[in-house]
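Enquirer: Each protein sequence line maps, in turn, to chains A and B. As numbered in the numbering used here, the first sequence has no gaps in its residue numbers, which increase by one up to the final residue, 238. As numbered in the numbering used here, the second sequence has no gaps in its residue numbers, which increase by one up to the final residue, 655.
Just so you know, the hints here were simulated from the structure itself, not pulled from any lab data. Beta carbons: idealized from backbone N, C-alpha and C, even for Gly. It is possible that some hints are incorrect.
These stretches of chain B come out as covered by chain A in the derived footprint (C-beta under 8 Å, 3 or more residues) [claimed, not checked]: (1) 127-138; (2) 401-411; (3) 639-647.
Label-pair restraints from in silico Cβ distances [as the list claims (entries may be wrong)]: (4) B:G348 / A:R96: 37 to 45 Å; (5) A:N69 / B:D641: 57 to 65 Å; (6) B:P412 / A:Q64: 23 to 31 Å; (7) B:R115 / A:I9: 50 to 58 Å; (8) B:P284 / A:Q64: 40 to 48 Å; (9) A:N69 / B:A285: 51 to 59 Å; (10) A:N69 / B:D173: 47 to 55 Å; (11) A:N69 / B:Y570: 35 to 43 Å; (12) B:L235 / A:S25: 44 to 52 Å; (13) B:E227 / A:E31: 37 to 45 Å; (14) B:L235 / A:E55: 20 to 28 Å; (15) B:Q347 / A:N69: 24 to 32 Å; (16) B:D641 / A:E55: 29 to 37 Å.
Some chain B residues near chain A, calculated using beta-carbon distances under 7 Å [said to hold, decoys possible]: (17) P251; (18) Q252; (19) S305; (20) P465; (21) V472; (22) P636.
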Amino acid sequence: MIARSFKSVIWVATVGGAALACYMVSLRVATERAELAKVDRQIIAAKREIRMLQTELGTRGRMTQLEDWNANVLALSAPSAAQFVHDDVTLARLERRDATVADRASAEVRMASAETGAAAPSAAPAAEAPKPPQVVAAVAHPAPAHPVLHQASYTPAAKPALTEASAPEKAKAADKGKKPEHHAKAETGKKPAEKKLASAAKPAPQKKLASAAKPAPKTLAARGKPAHHPAAAQESDAD
Amino acid sequence: MTAYVAIEPRIAAPAPRPEGLALTYHRLMLIMLVFAGVTMLIASRLLYLQVATDRSAGDTGLNPLIPARGDIVDRNGVPLARSIDAWTIAIHPDKLLGKPEELAVKLAELMPEHRADEYLKLLKSGKSFAYLSRRALPELVSAVNALGEPAIEFSREPERLYPQTGLAAHVLGWTDSEGHGVSGMEKVLDRQLTNPATRGAPVELSIDTRVQAAMESELAAAMAKFSAIGAAGVVLDLKTGEVLAMTSLPQLNPNKPGQGAVDAGFNRATLGVYELGSTFKPFTVAMAMDLGIVKTFSQMYNCPRGLPVAGGHVITDTHPFGGPCSVADIMRESSNIGTAQIAAQVGSQHQQDFLRRMGFLEPVQIELHERGRTLTPGANWGEVATMTVGFGHGIAVTPLHLALGYATLFNGGIRRPATLFKVGPGHPVPEGTRVFTEETSRRMRGLLRLVVLAGTGKKADAPGYRVGGKTGTAEKLQGGHYTGSAVVTTFAGVFPMDEPRYVVVAMLDDPKATAETFGFHTAAWNVGPVVSHVVSRVGALLGVAPDPTREPDLSEVAAYLKPEAAH
Numbered sequence: 000m001i002a003r004s005f006k007s008v009i010w011v012a013t014v015g016g017a018a019l020a021c022y023m024v025s026l027r028v029a030t031e032r033a034e035l036a037k038v039d040r041q042i043i044a045a046k047r048e049i050r051m052l053q054t055e056l057g058t059r060g061r062m063t064q065l066e067d068w069n070a071n072v073l074a075l076s077a078p079s080a081a082q083f084v085h086d087d088v089t090l091a092r093l094e095r096r097d098a099t100v101a102d103r104a105s106a107e108v109r110m111a112s113a114e115t116g117a118a119a120p121s122a123a124p125a126a127e128a129p130k131p132p133q134v135v136a137a138v139a140h141p142a143p144a145h146p147v148l149h150q151a152s153y154t155p156a157a158k159p160a161l162t163e164a165s166a167p168e169k170a171k172a173a174d175k176g177k178k179p180e181h182h183a184k185a186e187t188g189k190k191p192a193e194k195k196l197a198s199a200a201k202p203a204p205q206k207k208l209a210s211a212a213k214p215a216p217k218t219l220a221a222r223g224k225p226a227h228h229p230a231a232a233q234e235s236d237a238d
Numbered sequence: 089m090t091a092y093v094a095i096e097p098r099i100a101a102p103a104p105r106p107e108g109l110a111l112t113y114h115r116l117m118l119i120m121l122v123f124a125g126v127t128m129l130i131a132s133r134l135l136y137l138q139v140a141t142d143r144s145a146g147d148t149g150l151n152p153l154i155p156a157r158g159d160i161v162d163r164n165g166v167p168l169a170r171s172i173d174a175w176t177i178a179i180h181p182d183k184l185l186g187k188p189e190e191l192a193v194k195l196a197e198l199m200p201e202h203r204a205d206e207y208l209k210l211l212k213s214g215k216s217f218a219y220l221s222r223r224a225l226p227e228l229v230s231a232v233n234a235l236g237e238p239a240i241e242f243s244r245e246p247e248r249l250y251p252q253t254g255l256a257a258h259v260l261g262w263t264d265s266e267g268h269g270v271s272g273m274e275k276v277l278d279r280q281l282t283n284p285a286t287r288g289a290p291v292e293l294s295i296d297t298r299v300q301a302a303m304e305s306e307l308a309a310a311m312a313k314f315s316a317i318g319a320a321g322v323v324l325d326l327k328t329g330e331v332l333a334m335t336s337l338p339q340l341n342p343n344k345p346g347q348g349a350v351d352a353g354f355n356r357a358t359l360g361v362y363e364l365g366s367t368f369k370p371f372t373v374a375m376a377m378d379l380g381i382v383k384t385f386s387q388m389y390n391c392p393r394g395l396p397v398a399g400g401h402v403i404t405d406t407h408p409f410g411g412p413c414s415v416a417d418i419m420r421e422s423s424n425i426g427t428a429q430i431a432a433q434v435g436s437q438h439q440q441d442f443l444r445r446m447g448f449l450e451p452v453q454i455e456l457h458e459r460g461r462t463l464t465p466g467a468n469w470g471e472v473a474t475m476t477v478g479f480g481h482g483i484a485v486t487p488l489h490l491a492l493g494y495a496t497l498f499n500g501g502i503r504r505p506a507t508l509f510k511v512g513p514g515h516p517v518p519e520g521t522r523v524f525t526e527e528t529s530r531r532m533r534g535l536l537r538l539v540v541l542a543g544t545g546k547k548a549d550a551p552g553y554r555v556g557g558k559t560g561t562a563e564k565l566q567g568g569h570y571t572g573s574a575v576v577t578t579f580a581g582v583f584p585m586d587e588p589r590y591v592v593v594a595m596l597d598d599p600k601a602t603a604e605t606f607g608f609h610t611a612a613w614n615v616g617p618v619v620s621h622v623v624s625r626v627g628a629l630l631g632v633a634p635d636p637t638r639e640p641d642l643s644e645v646a647a648y649l650k651p652e653a654a655h
C-alpha cells in the first residue's frame with residue numbers, strides 16, 4: 000500500500016540517481032580529457048622549448064665558432080695519413096717499446112691472480128713455463144700457498160690465455176698512445192680510424208675476460224676457499 | 089502567515105463566460121507548451137553538444153609544432169635554416185603617453201642602431217605603427233619593457249634563423265621581411281616550405297656542414313693571404329652529382345642580408361663565369377683519346393717556344409719545352425702549345441659537340457635560380473678559337489661547370505646534373521648521359537695523378553688521399569684585353585684517384601703574389617694548397633681513408649714520374 004503510493008517517488012529517485020550517475024561518469028571523462036589536453040599542451044610546450052634550445056645550442060656551436068675556438072685555443076689540425084691505422088696488425092705494431100722486466104713481472108702477477116682461477120686443477124706440472132721467479136716465489140710459501148701455486152702454474156690450456164691476455168695489454172697501450180690523435184680525430188670526426196681502434200681493442204679484452212672468467216667458478220667450487228686464492232698469489236708475488 | 093489579496097471590483101474582469109475560460113486555459117496551455125518546447129530544445133541541444141562534440145578534433149586543426157616555414161637541414165640533419173619565434177618591439181607613436189624627448193634618448197641608449205633625434209622624429213611622426221626592433225633579444229625586450237611606455241608593444245613573430253650564420257649562405261639564400269625566399273634554395277623551395285602540408289618535414293640538402301666549413305675557412309684564409317677579391321669552391325660527389333659544399337666569397341650573413349659587401353650576394357660558384365684556363369686541358373686530352381687521336385701518353389708533339397696561329401697571335405707557355413714533348417709532358421707542365429695542337433686535331437666540330445654534351449654551352453644544371461650563362465666563341469668558333477678553348481681560354485664557365493666536367497670525366501664518363509638535394513628515396517640518382525668512354529675515364533686517372541705527383545699540382549697533394557687534378561691560371565679580361573697582372577687561379581681536383589669519389593674545385597679571383605710565393609700568382613702557389621688542406625680535413629669525414637700505400641694505375645705515366653721536372 001505504502002509502496003504503491005511511493006511508487007512514483009521511487010521512480011523519480013531511481014531515474015534521478017541514474018541520471019546523476021551517468022552525469023558523474025561524463026564529468027569524470029571530461030576531467031580526464033581536460034587533464035589529457037593539459038598534458039598534451041605541456042608536451043607541445045616542452046617540444047617547442049627543446050627545439051628552441053637545440054636551435055640556440057646549434058647557433059652557439061656553429062661551425063665558424065668552433066673554427067674560431069680551434070684557431071685561438073685548441074689548435075687542433077687534421078690528422079695526417081700516418082695517424083690512420085688500417086688493420087689490427089698495424090695497430091698492434093704501434094707499441095714499439097719492449098716490455099721491461101718490471102712490466103713483465105707486473106703483467107705476470109696480474110696473470111697469476113687471474114690464472115689461479117683459470118687454471119684447471121689438473122694443470123699442476125707445467126709450472127716452469129715462462130717465469131722462473133714465480134715458481135720460486137710459490138715454493139717460498141709452502142703452507143697456505145701450496146695448493147694455490149699449483150693452480151697458478153701454467154698449463155698448455157692456459158697458454159693461449161696468456162698470449163691473448165698480453166694482446167689487450169698491447170692494445171690498451173696502443174690505445175693510450177693513440178689517445179691524443181683520437182682527440183684530434185674526434186674534433187674533425189675521423190670515423191674510420193676510431194672504428195679500427197674500437198674493433199681492435201674490443202675482441203681482445205673479451206677473450207681475456209672469457210678465458211679468465213669461465214673456469215674460475217669451477218675451481219672456486221672445487222676448492223671451497225675462494226678468498227685465499229688472490230691473497231696467496233699476491234703474497235707469493237710480494238716475496 | 090497568510091496573505092490576503094483583496095480583489096478590487098474595479099479591476100476585476102467581468103464574470104468570465106464559460107467559453108472565455110476555456111480560451112484562457114488554451115492560451116495558458118499553449119504558452120506552457122512553448123516554454124516546454126524551448127526548454128526541451130535547449131536541453132536537447134546541450135545533450136547533442138555533450139554527446140556529439142569530438143573534443144580531440146579541436147587540437148588537430150593546426151599542429152603548433154609545425155613551423156611557420158619549414159626547416160632546411162644538411163645531409164646529416166644539422167639545421168641550416170629554421171623558423172623561430174622572435175621578439176618584435178613595435179611602437180604606436182599616436183598613442184604615446186610619455187614625453188617623446190625623454191623616450192627617444194632612452195631608446196637610443198638601448199638600441200644604438202639609430203640616433204636619438206631619429207627616434208624623436210619617429211615618435212613625433214604620429215604614425216599608428218612602427219617597428220623599433222625585429223628579432224630582438226630577450227634582454228633588450230625586458231629593458232625596453234622597463235621603460236614603462238604603454239605605446240610600446242611586444243609581440244612574437246616567426247623569424248627565419250640561419251644557425252650557421254654565413255655558412256653556405258649562397259646555397260641557402262635568404263628570405264625577405266615577409267618570410268618569402270628571395271634567393272638560393274629558400275627561393276627554390278618557397279612553395280614547399282610554406283605549404284602547411286609539406287612544411288612539417290625538414291628539407292634535406294646534399295650539403296655537408298663540416299665539408300662546407302672546411303672549404304669556406306680554407307678559401308677565406310687563402311683569400312685573405314693573397315688579397316684576392318673573391319673566391320669560390322665546390323665539393324661534388326662525382327657519382328651522384330650531389331653538391332657537398334659550395335661556397336662563394338665574400339659572403340654575407342643571411343640573417344642580415346642587407347649588410348655585407350656589395351658583391352656578397354653574388355654567387356661566384358654558379359652565377360659567375362670565368363675563363364678557367366688550364367683546368368680545361370684534361371678535357372681536350374680526353375676528347376682526343378675518345379676520338380682515337382691520342383693513343384698513348386707518350387705520343388709526341390712538337391712544342392716550340394711559341395706557336396704562331398692565324399690572326400697574328402702567338403701561343404706561349406710558362407714552361408716552354410722548345411722541342412718535342414709527349415702528351416704526359418704537356419699535361420704535367422701544363423703546356424698551352426701542346427694542348428692547342430691536340431685541340432686543333434680534335435677540331436672545332438668535335439670540340440663543340442663534346443662541350444655541349446658536357447653541358448658547358450648552357451647554364452649549369454642545378455636547382456638554384458642563380459645560374460650564369462656561359463660565354464663561348466659562338467659563331468667565331470674557328471681553328472684559333474678551338475685551340476684557345478682547348479686550353480681554357482675564350483670560353484667562360486662557372487666553377488660548378490668545371491666540377492661537373494671533372495665528375496663526368498672521372499665517374500666513368502657519364503654526365504649527371506648537379507643537385508643540392510640529398511640523394512635518397514625522393515631524389516634518385518639520375519640516369520645520366522655518356523660523354524666519354526669508360527676506358528678514357530680510367531686512363532685519365534693516371535695522367536692527372538701525374539700532374540700532382542710530378543707536375544704543376546704538387547702543392548695540392550694531400551698525403552695518403554691520392555689527389556689528382558689540374559691547375560689553371562687564366563688571365564682576366566680587363567677592359568677588353570688580357571692583362572698579366574690580374575688572374576683567376578683554379579684547381580680542379582679529384583680524390584681518391586684510384587677510385588674517384590669526390591671532385592674539389594677551388595678558385596681565387598685576382599690573387600696577388602706574395603713574398604712567400606716568390607712573386608708567382610699562379611694556381612700552383614695559391615689555390616693548390618687550399619685543395620690540399622680541404623682534402624686533408626674532409627677526406628676521412630667523407631669515408632676516404634688515407635692510405636700512403638695506394639695509388640691509381642700509374643703504369644702509363646711511370647716514365648714521367650722521375651723527379652727531373654725541376655724548374
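Enquirer: A separate judgement is required for each hint: does it hold in the structure or not?
Expert: Verification of the supplied hints:
A count of 1 residues in the segment 127-138 of chain B with a Cβ less than 8 Å from any Cβ of chain A is obtained; the coverage claim is therefore unmet, three being the minimum. Given as covered by chain A, the segment 401-411 of chain B fails the check, having 0 residues with a CB less than 8 Å from a CB of that chain where 3 are the minimum. A stretch counts as covered by a chain when three or more of its residues have a beta carbon under 8 Å from one of that chain; for the segment 639-647 of chain B and chain A the count is 0, and the coverage is violated. Between G348 of chain B and R96 of chain A the CB atoms are about 55 Å apart, so this pair departs from the stated range of 37 to 45 Å.
Take N69 of chain A and D641 of chain B: their Cβ atoms lie about 38 Å apart, and the range 57 to 65 Å is violated. Remark: the range hint 23 to 31 Å for P412 of chain B to Q64 of chain A is contradicted by a beta-carbon distance near 56 Å. The given range of 50 to 58 Å is broken by R115 of chain B and I9 of chain A, whose C-beta atoms sit roughly 36 Å from each other. Taking 40 to 48 Å as the suggested C-beta distance range, the pair P284 of chain B and Q64 of chain A does not conform, at roughly 34 Å.
The supplied range of 51 to 59 Å is broken by N69 of chain A and A285 of chain B, whose beta-carbon atoms lie about 42 Å from each other. At roughly 32 Å, the beta-carbon separation of N69 of chain A and D173 of chain B lies outside the given 47 to 55 Å, and the hint is violated. Here the CB-CB span from N69 of chain A to Y570 of chain B is close to 41 Å, well matched to the stated 35 to 43 Å. The given range of 44 to 52 Å is respected by L235 of chain B and S25 of chain A, whose C-beta atoms sit roughly 51 Å from each other.
Between E227 of chain B and E31 of chain A the C-beta distance comes to about 42 Å, which sits within the given range of 37 to 45 Å. Separation of L235 of chain B from E55 of chain A is about 26 Å and conforms to the stated range, judged on CB atoms against 20 to 28 Å. At about 26 Å, the CB distance of Q347 of chain B to N69 of chain A agrees with the hint of 24 to 32 Å. Hint check: D641 of chain B to E55 of chain A, Cβ distance near 51 Å, so the stated range 29 to 37 Å is violated.
Restraint check, P251 of chain B versus chain A: the minimum CB separation of about 4 Å is within 7 Å; hint holds. Below 7 Å, beta-carbon pairs count as interface contacts, and Q252 of chain B has one with chain A at about 5 Å; its hint therefore holds. Contact between S305 of chain B and chain A, as hinted, is supported at the beta carbon level, the nearest pair being about 5 Å apart and thus within 7 Å. A cut of 7 Å between beta carbons decides the hint on P465 of chain B: the least distance to chain A is about 42 Å, and the hint is violated.
For V472 of chain B, the interface hint is violated, since its Cβ never comes within 7 Å of a Cβ in chain A; the closest pair sits about 45 Å apart. With a cut of 7 Å, the hint placing P636 of chain B at the interface with chain A holds, because the nearest CB-to-CB distance is about 5 Å.
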